[in-house]
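Letter by letter, the chains look like this.
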Amino acid sequence: MYRWLLCFRYLRTRYIALASIISVTLGVATLIVVNSVMAGFSAEMHERLHGLASDILIECHASGGMPDPEGHLEEIMKVCGDDVVGSSASVHVPAMLGIDFNGQLITRHVNFVGLDPKTYDDVSHFGRYLLHPENQSQVSFQLREDGFAPNREQFPSSGWGYRRARVAYERALAEEQARIDALRNPASSITAETTGPSETGPSLTISPPQIFEQNNEVAASEFDPAVEQFPGIILGISTSSSRMRDEDNNVRDHYYCRPGDDVRMMFPNASDNAKVVNQKFTVVDMYESGMSEYDSTFAFCRLDQLQEFRGMIDPASQVRSVTTIQLKLAAGADLNAVRDALRRRFPPNVYAYNIQTWRDMQGPLLAAVKLETTILNILLFLIIAVAGFGILATFFMIVVEKTRDIGTLKALGASGGGVMSIFLSYGLLLGFVGSGAGLIGGLVFVDHINEIATLIEKITGQEVFDPTVYYFTEIPTIIHPFTLVWVMAGAVGIAIFASVLPALRAARMHPVKALRFE
Amino acid sequence: MSFYPLLNQMAKNMNSETVLRAQDIYKSYHKDRIEVPVLRGVDFEVTAGLVTALVGRSGSGKSTLMHLLATLDQPDRGEIHFQGERIDDAPRSRRDRYRNHDIGIIFQFYHLLPELSAIENVLAPTMIGKSAWNFFRHRKEAKRRAEAMLDRVGLLHRAAHKPAEMSGGEMQRAAIARALMTDPTLLLADEPTGNLDTETGLEILKLLTELNQDDGLTILMITHDNSIAESADRCHRMQDGQLQQGMPELLIA
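From first to last, the protein sequence lines are chains A and B.
For the first sequence, the numbering used here assigns the number 1 to the initial residue and increments by one for each residue that follows.
For the second sequence, the numbering used here assigns the number 1 to the initial residue and increments by one for each residue that follows.
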């Protein structure tokens, strides 16, 4: 009883000890904040990575892909049918994206994916990352009128409205150019170049005004971009835009093209003697997952169209080929077990298939994040360990200061163990107070992290989470109760550990020497 | 000189039994590899119901002897018996219990715990002697006894005061109340008036005498002051680590 009484009294009267645990408090608070933010980032990344990639991915490395995906699916269902809740076949092909921007051709290397809009959402969260709200609920490769990215104030007008205005502007410009040319050289008759489905695209050199009336004078017999579109394509937002700061330091996105524009895709066909297919597409939406790796490298079109363009349809049997089959497994299914079962069914020495789980695919990235979290935790725990040395030094001072009291307690019959337990309990109490304060501080910080980030930005003028780098509108945080427990336990443990030596010294103190200490 | 106190004193001496006995005690300290003998074959007894004074000059070894009698230190040679039980080489837990329960100690510099109030200081021996749960169960009873002890030494009105808020005399009274808390058989007083002015010292001395006379408390008082020693029932004189030869003086109040 006297131990706790003295502990509490020391706590109330020895402010130097309280000062020594401020570092414990800060360490615990920092650990909680860092772990929460890292867990938030990690979970967000996991969700996005997992949302983009299905649970199991079966890729065929042959240029012609794997024929008869339905037959393959039947075999797959035989192997792991109980675990499979969704599947989708797709074609993945490396491609070059060409965007005509102010008369210049901007090229980007992309992974071109032909997907089945009906089934692709069963295996991934593709739809939710599209800009148009209707596409989010039902993926469509038909250009929509407008209403893209309602949450983005700066997103330019897009869709059919924009397309019609652009075409009208281009035509007016071409006619004006033709008229000027005719006046300069009446002998020649230059007309505006017409466009075809697989020939040339629009050449937008000047941004059109926002309001244009539809030009009804265009001949309806030919491809009319004002009312027709090329095959639809959905571009990763970073393939066709760049993000930078303006003079006022505001973040601005600059789009090389937008829904309603036409772009050119160049990709190999599926024959053994591969040739480049040069095909025009109309951008029907954009895809923003927040993962720059995906947003800057992916482009999507309809599976059947890509199969046709690449020649992946057997002319005799009309059997279509795909390069990838994606599987969605039931919740709780063992991904690795399913992968291994499929690898046994499609052994790599026979089939040129690469069968992976989504974790296998993102293994290095996930491992890097995990390693980063671990290193941060070790470093921050070292801070608490340093705080432990502060407690050690402070406790030694307190033991020296309390030498006569220790002698008194021993004269009153307190055992060495009893005296030791006073200082161990004191360490425990300090650990609890320090880590408790750190816990509260950390939780409050995490709860208001976005407001705090805004405040820091106002004070320092420096953006904490630069939106040109991160695609998060808010800093994601997740608090795992288990993390709180082990951080608290670790901090209290360090505080107790730091008090062991001073407590031992107090316990071994000779009572007569202690009583005579001055 | 009154006749009745003399009779009373004679009766106390005749019926007395030995509470504490030290036999052939030797104790040396070492300083820079040099052995400094402090006690050199001390034989000493404390008789129940008496105030025994151990008087001597500074450095005569009287405080060292008291520390040995209180088992705060161990003799190099010799034995110490408490009510017939050898206590100097008893297990550590027994010696702790002996200090906590069988004897009470008061010091020249009071040695109150500065963080605790007067009543908490008085309760300290009970808190030390009992487990937290046991103390919690009997806390009201313990508090009542602590208040009674404070009342006995005339300090109840200062129960909630910290040592820093009390005078030297009050602190020594609180220390006496603390020493009496566990109802000890023997009170060891090491220079109880050594840090007090004459008047306050006399008050403390009077209190100790009352405790002896009214409650029959056995007291061993260590002092360098002959006038204080003269108030004791028995007086032993120490010099150069030895008790002076001859029978203990029988002092008549």
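Where hints are given, some of them may not hold.
Dumping the calculated EDC-like pairs for lysine to aspartate or glutamate here, alpha-carbon to alpha-carbon at most 20 angstroms [said to hold, decoys possible]: (1) Lys370(A) x Glu47(A); (2) Lys513(A) x Asp24(B); (3) Lys513(A) x Glu210(B); (4) Lys513(A) x Asp76(B); (5) Lys31(B) x Glu47(A); (6) Lys513(A) x Asp32(B); (7) Lys162(B) x Glu47(A); (8) Lys513(A) x Glu141(B).
Quick caveat, the hints were computed from the structure, so don't treat them as lab data.
This one's a predicted model, so the numbers in the text were calculated from it and none came from an experiment.
Numbers of unmet hints, in rising order: 2, 3, 5, 7, 8
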